[in-house]
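> Sequence:
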Amino acid sequence: MIVLLFAVALLAFSLSTVSGGGAGLLVMPVLGTLLAPEQIPAALSLGTAVSSATRIATFFRAINWRVVCNFVPASLPGAWLGVWMLSLMQPMYLDLLLGLFLLGNLPLLLRGRKPANPAEPHTGRHGGTASPVSMRLLPAIGLLAGFISGFTGAVGLLFNAFYHRLGLRKEAIIATRAANDILLHLTKIGLYAAYGLLNRHVLLAGAVVALAGVAATLLVRFWLHLVNEHVFRSIGHAAACTAGAAMLVMAGQQVIRQDHVRTRLNTSHSTVSASMGWRTHVYSVAFEHNSELELRHTHPAFNTGMVPGQRGFWYRASVLHVSMTRGIYVTRRLTRTFSA
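In my numbering, the protein residues as written are 1257 to 1596.
Because the hints were derived from the structure by calculation, they are not lab data.
Backbone N, C-alpha and C define an ideal beta-carbon position, used for all residues, glycine too.
Certain hints may be false.
[To be verified] Per label pair, the in silico range of CB-to-CB distance:
1) S1547 to Y1451: 54 to 60 Å
2) A1450 to N1522: 49 to 55 Å
3) N1484 to L1521: 49 to 55 Å
4) L1344 to A1263: 33 to 39 Å
5) F1262 to L1521: 42 to 48 Å
6) Y1539 to F1262: 40 to 46 Å
7) P1333 to R1588: 45 to 51 Å
8) R1421 to G1446: 29 to 35 Å
9) H1555 to Q1514: 16 to 22 Å
10) H1555 to Q1509: 22 to 28 Å
11) A1396 to V1575: 43 to 49 Å
12) D1515 to N1546: 33 to 39 Å
Given only the sequences and the hints, what does the whole structure look like? Please build it.
As structure tokens, then:
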């Protein structure tokens, strides 16, 4: 698995260098097979910090320091809040939302965009002009990026659009993102250690990811100049969609396993019903042929469901009835059946 992790990380960081970020989101599924969910962000931060240092050394002249000075100060308290949240709960539901957000890049990828006009003016060595509105938003963006990064360990592709809106070209995006990220990742590593999220397995996985990140940056720098701006953005959208799909699958599996999610579909000559179980709750919908719709919620009664002095468990069922003949009404009852 270490060899597989290195190969996937090498490919991910190579794509990340071209797309401007997102290696962590692509590596997360492999790390999920080696580490506990709460340890994945720590391993990602170790590897990404070393990779960011390599990118800074390689593309130092392209860094937009104005963006860095507006982004970094607010990102550090956001990272602390994210790591603190990670010590209390697992980020699988946030990962689901982030996966859906990243899949929002699919229309941009399918629609495509016209290549940038070579005659379009740009300012300075960074190859772009910063939008005053977007620049004022950078502290808030930094705070949000720090929180998500501390909570999930990876945030790269989520904020690519803001770098593009600032007018930065590909080298400036890579360098400026690395400068924004390195202090953030070093801060997170210290916080992970303080909260007891670093151990030998995390350090080993982080070292493998770091080695792959360094190798990818050194390889890509020789042919990055061959990639035009239109292809650069398209690769970023494709990487975001891939990472979003991977996050949805991985987070969905964690939710199903840990929260005991199950579904059921029942049909008969008079009723069609579907139900979904989540933890100790069952939510169901049933449609009867006599034109009555039932929405049901079943959960343990008396907290645990066990009634003192009685055998078995009791469950409380609340049903919303929508009937063409009797109108809308609610019924509640106790039952020994934990189902729809």
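> Hints the structure violates: just list their numbers, smallest first.
Violated hints: none at all, because every hint is consistent with the structure.
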